[in-house]
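> Same order as they appear, the protein sequences are chains F and U.
Using my numbering, the first residue of the first sequence is number 12, and each one after it goes up by one.
Using my numbering, the first residue of the second sequence is number 2, and each one after it goes up by one.
Since the hints were derived computationally from the structure, they do not count as laboratory data.
All residues carry an ideal CB built from backbone N, CA and C; glycine is no exception.
Some hints could be false.
To be clear about the criterion: a stretch of chain F counts as covered by chain U if any three or more of its residues have a C-beta under 8 Å from a C-beta of chain U, and this derived list gives those stretches [unchecked claim]:
no. : region
1   : 171 to 179
2   : 186 to 196
3   : 222 to 232
4   : 235 to 243
5   : 367 to 379
Incomplete in silico selection of chain F near chain U, CB under 10 Å [unchecked claim]:
no. : residue
6   : Thr106
7   : Pro110
8   : Leu111
9   : Thr162
10  : Gln166
11  : Gly284
12  : Cys293
13  : Gly299
14  : Tyr315
15  : Gly319
16  : Gly334
Listed below are the simulated DSS-like cross-link pairs for lysine-lysine, each with C-alpha atoms no more than 25 Å apart in a straight line [unchecked claim]:
no. : chain 1 : residue 1 : chain 2 : residue 2
17  : F       : Lys289    : F       : Lys332
18  : F       : Lys267    : U       : Lys51
19  : U       : Lys51     : F       : Lys289
20  : F       : Lys267    : F       : Lys289
What follows is the residue order along each chain.
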Amino acid sequence: MPRSLHLALAAAVLGGACAMAPAPTPRTGVDAPVKQADSTPGVVVFDLQDDATLAQIEAFETRHGVDLTYSSDVSADEALLRAMVDDPAALIARTAGDPLIEVAEPVVELAAYGYPDDPLWDQQWNMALIDAPTGWRVGAGSGVRVAVLDTGVTQVEDLGGVRVDKGRSFVPGAIGSADDHGHGTHVAGTIAQATNNGLGVAGVAPHVTVVPYKVLSGRGLGSSDRIAAAVDHAADAGVEVMNLSLGGGHSQVLHKAVEDAVARGVIVVAAAGNTGRKGVGCPGHAEGVIGVSAVGPTDKRSSYTSWGPGVELSAPGGDLKLGPEAGVIQDTIDGKGGHAYRAFQGTSMASPHVAGAAAVLRGMGLDAETTTSVLLDSARDLGEPGFDEVYGHGRLDLGAAVQSVLLQHRGVPFGLGALVGGLLAAFAGVAAGVRRRVWLAGAVTAGGLFFLPLLPLRPMAILDLASRGLVSWPALLVGPDWAHFPLWVSALPMVVLAFVLGLSRSLGPYVAGICAGFGTALIHGASSGAIDPWWLGLGLDRMWLSMNGTVCLLAALAVLGFHKLNHSKGAS
Amino acid sequence: MTLTGTLQRRFFGGFVWILEPDGAAPVQLEGDVPAELEGRQVVVKGRPLKGAMGLAMAGQIWEVRSIRAR
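Please work from the sequences and hints to get the whole structure.
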């Protein structure tokens with residue numbers, strides 16, 4: 012095949028992807044490159060024992076020959092100090108074992124090439140802590156609907172470019188879902204704030220659609236039965252993620268409502284509570300709900316957070332005892348008809364970080380169950396090793412979660428696609444040049460160019476599409492659940508492709524590879540449970556995927572056999 | 002019903018009154034609470050608001066009928 016034809020084919024595939032893309036929508040988080048966190052040369056931060064006296068710190072300086080300064084005006088309470096040195100690694104090694112040290116590490120600063128350009132980004136320690144920029148490299152929740160059950164949501168200035176549904180009120184006397192308190196808008200901002208728009212602050216998943224449910228009054232109070240009704244309504248409306256930054260009592264009705272929502276495939280995230288004691292209230296402790304405790308900027312448990320059974324994850328909730336900059340800042344209503352950037356604290360602020368992260372993963376085409384397990388498995392372990400009742404599985408780490416998905420959920424199908432494509436081509440005994448095209452097309456079709464988001468490339472929608480296997484394209488183009496549409500996750504698209512283009516002498520080998528890759532992805536989806544076709548259950552889903560995957564492989568073999576036959580005729 | 006404990010004012014996206022009874026779980030107070038009682042030992046007469054939920058999540062929510070310094 013001429014080189015120009017290879018390029019034309021690649022252009023056609025990518026062009027087709029563009030043509031399939033939905034109508035342009037505000038995309039505010041993928042416009043500029045992000046430089047990953049780097050160690051700042053020559054700076055080491057020491058988190059010393061909180062009760063370290065000035066004399067002990069001075070003795071430490073003398074002992075190790077360093078000059079320490081407090082990291083900030085509010086770092087004295089936490090004994091957080093930094094040292095400027097020529098060789099940070101040597102200093103850390105030299106001071107290892109000193110009983111005064113709780114933690115010592117090189118200072119990490121998020122150096123971005125002007126990304127995001129939200130002017131208050133440098134105050135958003137919370138976004139850096141969960142590594143949100145790595146999440147934005149693969150997506151920001153496109154097509155995912157997130158219900159925010161709270162005091163309502165008002166589309167303040169910085170939320171201007173974000174999709175916010177009309178929503179619904181479950182508070183007697185309240186018309187519409189506008190916020191008359193400020194809490195709900197703040198929570199929605201953490202989930203979906205317009206990012207890289209030159210205004211204010213950033214959010215975790217700025218491409219989601221926020222669905223506001225006003226369940227709390229302007230005084231911040233609501234009733235459990237109406238909140239339960241809103242949960243049912245949101246689940247009926249097909250939201251993929253639900254955030255409940257509320258609690259304070261126990262309700263069997265609400266408990267059952269959230270468990271039913273989880274059973275229907277909704278990811279329900281709830282705040283653990285702010286009692287500062289053991290005991291997670293309703294709805295955070297319900298089965299299947301991701302209960303979230305709070306940490307401050309130093310990754311330590313916030314003093315107010317509730318903990319105990321029910322905490323699955325921790326996330327940045329702020330700690331205003333350390334100063335206003337240790338709160339979680341977002342744009343919200345100011346109570347005077349305008350808006351203001353306010354620093355709040357609470358597990359109310361921690362929970363929406365997890366809801367936003369769940370939306371990013373759902374937007375990558377993962378189902379609810381896989382999303383939840385990836386979030387828990389990729390969390391950064393804090394406190395006692397392994398699971399504990401304070402931090403759950405650990406502190407949310409969106410960057411690690413996204414990289415885990417890329418490698419485990421796409422890298423494996425990529426490798427399998429290449430292997431199966433190569434084996435089929437070898438089995439069919441076609442010419443060497445043809446064989447290379449088969450395994451290459453198989454790999455790309457099965458797992459996509461999964462490594463693209465890990466490269467320092469300018470994030471673009473087309474790269475997002477190219478980094479996915481063909482099976483999960485509908486997740487980006489239509490919505491996350493469409494990755495599991497039974498007629499798409501079947502042999503039908505590949506059989507049609509084989510008949511239409513498989514007989515072409517130049518395109519046939521690619522078609523065979525695509526069929527092999529698609530079939531491999533279906534079979535991998537069946538064995539891993541990553542694909543869950545609608546309407547099918549009781550094991551029929553796996554049978555469906557396995558059988559259709561096999562038909563795809565047979566289609567690939569048929570196309571290759573046809574070309575081998577033609578090749579033999581041509582040679583004779 | 003009567004509760005005794007220390008009255009605290011906390012900020013969770015809005016200020017709320019919290020009563021911390023000695024050795025018992027904190028409760029969130031709703032109603033008229035004089036600001037000058039902050040930090041003091043108080044006696045509260047009121048009742049739990051059944052089915053009430055809120056954004057503060059700082060304990061069971063109580064409706065205050067009367068409150069005085071201890």
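> Hints first: check each against the structure and report whether it holds.
Each hint, compared with the structure:
Check on the region 171 to 179 of chain F: 0 of its residues sit with their Cβ under 8 Å from a Cβ of chain U, so the three-residue criterion for coverage is violated. For the region 186 to 196 of chain F, the proposed coverage by chain U is satisfied: 3 residues have a C-beta within less than 8 Å of a C-beta in that chain, meeting the threshold of three. Coverage of the region 222 to 232 of chain F by chain U holds in this model, with 4 residues showing a Cβ closer than 8 Å to a Cβ of that chain against a need of three. Only when three residues or more bring their CB closer than 8 Å to a CB of chain U does the claim for the region 235 to 243 of chain F stand; here the count is 3, and the claim holds.
With 0 residues having a Cβ less than 8 Å from any Cβ of chain U, the region 367 to 379 of chain F misses the three-residue criterion, and the hint is violated. A cut of 10 Å between beta carbons decides the hint on F:Thr106: the least distance to chain U is about 38 Å, and the hint is violated. Violation of the interface hint for F:Pro110 is found here, the shortest Cβ-Cβ separation to chain U being roughly 34 Å, above the 10 Å cut-off. Among the interface hints, the one on F:Leu111 is violated; its C-beta lies about 33 Å from the nearest C-beta in chain U, farther than the 10 Å criterion.
With 10 Å as the threshold, the beta carbon of F:Thr162 comes within range of chain U, its nearest partner Cβ sitting at about 7 Å, so the hint holds. A least Cβ separation of about 18 Å between F:Gln166 and chain U goes past the 10 Å threshold, and the interface hint is therefore violated. Below 10 Å, beta-carbon pairs count as interface contacts, and F:Gly284 has one with chain U at about 4 Å; its hint therefore holds. Given hint, F:Cys293 at the interface with chain U, holds; its Cβ is 8 Å from that chain's nearest Cβ, closer than 10 Å.
The restraint placing F:Gly299 at the interface with chain U is violated, with a minimum CB-CB distance near 19 Å, outside the 10 Å limit. With its C-beta approaching chain U no nearer than about 7 Å, F:Tyr315 sits inside the 10 Å limit, and its interface hint holds. The restraint placing F:Gly319 at the interface with chain U is violated, with a minimum CB-CB distance near 12 Å, outside the 10 Å limit. The criterion of a C-beta within 10 Å of any C-beta in chain U is not met by F:Gly334, whose closest approach is roughly 13 Å, and the hint is violated.
Taken as a hint, the F:Lys289 and F:Lys332 pair is honoured in the structure, with Cα atoms around 20 Å apart against an allowance of 25 Å. As the CA atoms of F:Lys267 and U:Lys51 are separated by approximately 17 Å, the hinted pair is consistent with the 25 Å bound. Distance restraint check for U:Lys51 and F:Lys289: the Cα-Cα separation of roughly 22 Å lies within the 25 Å cut-off, and the hinted pair is therefore satisfied. Note on F:Lys267 and F:Lys289: the hinted pairing holds, with a Cα-Cα distance of about 22 Å set against a maximum of 25 Å.
Violation of the numbered hints given earlier is confined to hints 1, 5, 6, 7, 8, 10, 13, 15 and 16; the remaining hints are satisfied by the structure.
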